[in-house]
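Residue numbers (my numbering), protein chains in the order written: chain D, 1 to 393; chain P, 1 to 393.
Wrong hints could be hidden among the right ones.
The list makes no distinction among identical chains, and a pair is therefore deemed to hold if it is satisfied within one copy or across any two copies.
Unchecked claim - 27 Å max Cα-Cα, derived DSS-like pairs, lysine-lysine:
1) LYS170 with LYS387
2) LYS389 with LYS117
3) LYS109 with LYS387
4) LYS170 with LYS2
5) LYS90 with LYS141
6) LYS170 with LYS369
7) LYS38 with LYS141
8) LYS38 with LYS2
9) LYS19 with LYS171
10) LYS109 with LYS64
11) LYS369 with LYS38
12) LYS117 with LYS64
13) LYS271 with LYS2
14) LYS2 with LYS117
15) LYS389 with LYS170
16) LYS141 with LYS369
17) LYS112 with LYS90
18) LYS64 with LYS271
19) LYS38 with LYS117
20) LYS2 with LYS64
21) LYS38 with LYS171
22) LYS170 with LYS38
23) LYS387 with LYS117
Simulated from the structure, these hints should not be mistaken for lab results.
Values in this document were obtained by computation on a predicted structure and should not be read as measured data.
This is what each chain is made of:
There are 2 protein chains.
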Amino acid sequence: MKIVNLDHLSANPLLPEVKQAMIDAIHADYANPSSQHKSGEEAAEILDRARSSVAALLNCSNPKEVVFTSGGTESVNHAIKGVAWANAEKGNHIITSNIEHNAVIRSLKRLKSTGFKITSLSVDADGRVNPQDVADAITDKTILVSIMHSNNETGTIQPIEEIGRITRAKKILFHTDAVDSVGLVPIDVNRLNVDLLSFSSNTFYGPTGVGGLFVRRGTRIWPLLEGGVQEHNKRAGTENLIGIIGMGVAAELARRDMESRLSHVSGLKEKLLRELPDHIDEYIINTPADASLPNLVSISIQYIEGESVVLMLDDEDIAVSTRSACATGSLRASHVLLSIGLSHADAQGTLVVGLGMDNTEGDVNRFLKALQHVVTTLRNISPLYQKHKAAQA
Amino acid sequence: MKIVNLDHLSANPLLPEVKQAMIDAIHADYANPSSQHKSGEEAAEILDRARSSVAALLNCSNPKEVVFTSGGTESVNHAIKGVAWANAEKGNHIITSNIEHNAVIRSLKRLKSTGFKITSLSVDADGRVNPQDVADAITDKTILVSIMHSNNETGTIQPIEEIGRITRAKKILFHTDAVDSVGLVPIDVNRLNVDLLSFSSNTFYGPTGVGGLFVRRGTRIWPLLEGGVQEHNKRAGTENLIGIIGMGVAAELARRDMESRLSHVSGLKEKLLRELPDHIDEYIINTPADASLPNLVSISIQYIEGESVVLMLDDEDIAVSTRSACATGSLRASHVLLSIGLSHADAQGTLVVGLGMDNTEGDVNRFLKALQHVVTTLRNISPLYQKHKAAQA
């Protein structure tokens, strides 16, 4: 039976046009874009074309503000560490939120160990940061605010525009981790008032291991990777040209098809949420109804373990996840779910459904039916659930 | 006319088998190797297979000691900065050489700006570091020695094994930038006595933007990219699986075909050196006859500019370079060539010929003939050369 992929937060399949562009690039054997000869210049032009496509997706008018990286994690590390180091003489205080991705958390933890002070803001039950909290946390030592654009576990979209107005007024650099947003929802680096924005190609059906960092002109930042003069001296290293070409094509298509994709995945999301009560009960939806990713539904199913649900659905060829693939192997409950107020037990019973362009209504039907069966089976053997039912009776 | 590529130091074409493996990977739409479900496990197995191939190429018995990166530059930055930061409490002194790649130089310059002390050793006329100089430079504050395996401008291979014996005896970490060696000449991380070794896939006809860092078990090092648990917690970020698959196949072939490739490129190199005097005079060969890369010839052609030679050869569809593509745009004479004792003028007249598996004797013939024509033309209009000739007459 065909595998139903409802784990698009972990990996998206490549679009046919992206595949073709990458295959053509493989056959082309491009030279090094930094080489002085004709073949080098040809490669440099191809690199520029991809940069323009990606810049357009961000509504960034100067493609030189786009730095290609090896993916979202590098972009985030580059943004946070690069800004902290370059501005350490001005101050040592950084503001973030409690629900960031591990790339942000661990970069900040590292900086903290070397003397930086971190303020981590709490979020409301929808997983949202209050812009006023950002304003209140700013001190004369604050050099950077890093708040994610959308959360990869709940789908919550943050009020980045409002936060950006505050940071801009106070002349403090603002980075947003938009890895799960760029290519999926409209992004405009100017409207958002951000100085740095991290993104990843695979979110918009480009290859993994390729991404980028928007760095507004004039932003004081150190490179993370130093050496050659590539990427306008902001990121050294011979480029992953095949991957970048794939990302360029993916960006072009994401921009062209933004509306139809939005309507496709949000239609499936609505169907799933509408029909879920007909299949299971006693669950919590962690994804806010307003301002959330159109393709993500986080469901905490009470009295059972999310890990067991994932494994049993996997046996029925349905792929979902309990959280970010980057956190696989961690036995601790998700810091994001605890931050929005879930109990440890409910957090452990959480599934993240990530819808994609390749999903159909049939996939949602198959998922709901299988979920009903799995949840019934697991609850039948759950002492917690039995106790709960006995108490109700 | 077919382009003759004698710029293999800047970029190598992909092998047909590597192309096919990457194309198959593109079609396969692998899941995220960190995902918990079956598709994720399949991707994780494929990642492991590539890691084993690469480990075998380094004669490394524990594949977990191989960390995949976005290329040589990331590997070098990771090794140098990661070791320096993680061992800063033990000491702040690092030893290197005067002829390293910019990735090493700029990483060390950055560390210097934050309080580390750098000793940069000079080299002899062959571009070689004297191991005794390393021993003499070690202090009780020394935490790292970083000396490249082979030089990308002269082809000089360093006495890494001897230097490694010294660092091992003194229990100091030793990194070698082997970006231009791995896959081209036999490398054995154990015989070399290194703790860290940087390499790049494109050197052995794998894709660009992919590489790795050998990190001996027990080496104290901080990750450069932090976030998820990928690469055994040594390098976060969703993997560039398509590129890594290509590198794995390239590594396997490099190991299998090492001898035949060595004999192919060194045969062409010998021919070029043997026949060069029949085509031009008054030049200096900067590549030592013993212990140098089998595919590299550095020629300083006196009384003319290397840049002009590159451009004129380019017009005849022959690609060569004056130096590392990573240093393109720099107008200064190469620090490597000045370090081996060349005058500024001779350094500026230098060509780096990088031979590859796709080159033929016909390519060398075409190059020599074209070079003869170009050099004659340029010298005819060179006031320097005219003056020199008048003085001789």
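Open item on the list: For a quick check of understanding: which of the numbered hints are violated here, in increasing order?
Closed with: Those not satisfied are hints 1, 2, 3, 4, 6, 7, 9, 12, 14, 15, 16, 18, 19, 20, 21, 22 and 23.
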